[in-house]
Amino acid sequence: MSRITRRGALKAAGITLGAAAFAKASAPLVEFARDVSLDEFLQKHYRELSAEELETVLRRIEEETLESHGREVHVTDTPAQAGVQFGYALNLSICNGCRKCAEACHVENNHDRKSNNSYIRVFEMTNGSLDFEHGTPHYQNDTPAENKYYMPVQCQQCDNPPCVDVCPVQATWKERDGIVVVDYNWCIGCRYCEAACPYHARRFNWQAPEIPPDEVNPNQGYLSNRIRPKGVVEKCTFCLHRTRVGRLPACLEACPTGARVFGNLLDPNSDIRWVLANRRVFVLKEELGTKPRFFYFFDA
Amino acid sequence: LGSSRTTIPMTARGGWSLVAAVAFAALACGRTAREDAPPPWRPASDPSALHPVNIARPAASARLATELTEHDGAPAAIGCPTCHLAGTVARLAETGATPVHGALRLRHGSVPCSACHDSTDPSLLHDASGASFSFADSMRLCSQCHGSIRTAYDHGAHGGMRGYWDLQRGPRTRNDCITCHDPHAPAYPQVQPAKGPRDRFAPPPRQTPSLVEYRFPEERHE
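Going line by line, the protein sequences match chains C and S. Here the first sequence stands for residues 98 to 397, where the numbers follow this note's numbering. Here the second sequence stands for residues 8 to 229, where the numbers follow this note's numbering.
Treat the hints with caution; some may be incorrect.
Some chain S residues flagged as far from chain C (calculated, every beta-carbon gap over 12 Å) [claimed, not checked]:
| no. | residue |
| --- | --- |
| 1 | S55 |
| 2 | A84 |
| 3 | S121 |
| 4 | S145 |
| 5 | G170 |
| 6 | D173 |
| 7 | Q175 |
| 8 | Q197 |
| 9 | Q199 |
20 Å max Cα-Cα, derived EDC-like pairs, lysine to aspartate or glutamate [said to hold, decoys possible]:
| no. | chain 1 | residue 1 | chain 2 | residue 2 |
| --- | --- | --- | --- | --- |
| 10 | S | K202 | C | E149 |
| 11 | S | K202 | C | D228 |
| 12 | C | K382 | C | D228 |
| 13 | C | K211 | C | E307 |
| 14 | S | K202 | C | E152 |
| 15 | S | K202 | C | E272 |
| 16 | C | K141 | C | E152 |
| 17 | C | K141 | C | E272 |
| 18 | C | K327 | C | E149 |
| 19 | C | K327 | C | E145 |
| 20 | C | K327 | C | E161 |
| 21 | C | K245 | C | E230 |
No wet-lab data here; the hints were simulated from the structure. In this text, a Cβ means the ideal position worked out from N, Cα and C, and glycines have one as well.
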């Protein structure tokens with residue numbers, strides 16, 4: 098006949114406490130597993146995926162998007178084309194600060210509706226000054242206001258990108274056509290890149306974007322506008338799911354004034370090359386040596 | 008190899024960029040093996056084979072929105088030749104026909120009507136040389152004074168567009184001048200901007216009520 102000894106009771110209590118502590122300690126893993134499928138957890142870095150693996154990943158993302166956002170989407174991965182180097186220019190003389198570009202970015206890139214996120218931040222600046230400390234992106238007045246000009250700022254697709262240098266896991270890199278991209282499935286969300294970017298061009302997903310099913314843009318790219326998971330960094334990609342098939346970026350198409358000029362820097366007859374050759378263009382924070390591919394100019 | 012070592016200063020940075028270059032080359036090879044790499048982009052050998060750039064054109068006959076209404080209550084628009092017979096294009100101030108011209112604002116410097124409208128045929132425009140042409144070709148008229156803007160327009164640095172940057176793959180549609188500018192009052196009007204993003208790191212000023220809920224709590228401000 099067994100008797101409850103002090104030793105036995107202490108053992109039982111110890112085991113119970115231990116099991117409870119273990120369950121509590123592993124709770125985040127269970128949570129994590131709910132957000133991330135095993136396939137996603139085991140997925141390789143984008144640049145190490147074989148063609149078949151990439152295909153599987155794209156189809157899996159489509160399935161997951163259907164499940165999470167209730168919309169059938171098509172996720173593609175169009176590779177960069179040799180002979181193409183993307184460049185962007187913006188005519189500050191005619192930008193009227195209407196924020197249509199930021200709005201188009203919001204819709205095109207499947208941004209979270211509640212935060213009204215966008216890769217473009219339009220600053221209201223005082224004439225004669227380039228000092229962002231005295232500009233504001235929060236203007237609500239009718240535009241253009243007296244003695245003001247407007248400066249949209251987005252990713253400058255630097256040729257010497259500090260955000261890429263600081264990434265501890267190489268989840269972000271510069272593509273052959275000049276676009277700095279993020280593998281959202283490889284990003285660990287440390288936000289070093291966000292801190293390193295002198296243009297404040299990167300955004301962090303505090304939560305997975307919430308978008309009504311009928312507002313989800315179904316034309317998605319793996320490296321660009323597919324719906325990002327929670328806890329990763331994202332950025333402007335010059336809409337590479339559009340531009341790599343020859344189309345203009347969404348922000349340019351939305352611009353009512355035509356302040357935006359986009360094209361192939363290697364095409365001597367392109368609009369962007371004409372601007373570079375015939376206008377006094379400048380880049381933001383040139384002294385930092387980031388070598389932006391985004392140029393600003395005023396009409397001659 | 009030995010000689011290249013002596014000529015290229017192998018600083019730490021140089022060494023790393025060499026490693027990076029090799030690594031990048033290896034990755035690039037991996038990529039080309041993975042995808043059917045698209046053929047390199049080349050300028051079109053035959054420019055006529057490119058897709059067109061379609062410029063929006065106004066209707067060949069201009070109709071003026073008026074303050075009058077049709078019998079069913081719909082706003083009435085009247086074609087210029089309805090009233091302006093040959094030779095009757097005059098300064099609006101002299102006509103006094105305000106219900107008809109009420110919607111027409113004249114804010115185009117001191118340019119008189121007859122500078123652009125043909126005085127013999129109100130369905131036509133004419134340029135400084137006297138040559139007459141249809142309303143559909145109105146850009147020709149704008150360009151004779153606003154030449155530098157036309158130059159910028161021709162190179163994509165003015166005026167909205169949609170479609171393809173690469174005309175080898177698709178067409179482009181462009182606005183013409185009067186898509187955006189009222190020829191009688193061409194200054195682009197002030198607009199109400201679209202709603203801005205709610206930024207967690209640059210709290211909007213207090214006086215912006217719609218954005219207040221996204222501000223950090225007071226103590227985080229300091």
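Of the hints stated earlier, which fail here?
Numbers 5, 6, 7, 8, 9, 10, 11, 14, 15, 18 and 19 - these are the hints that the structure violates, sorted from lowest upward.
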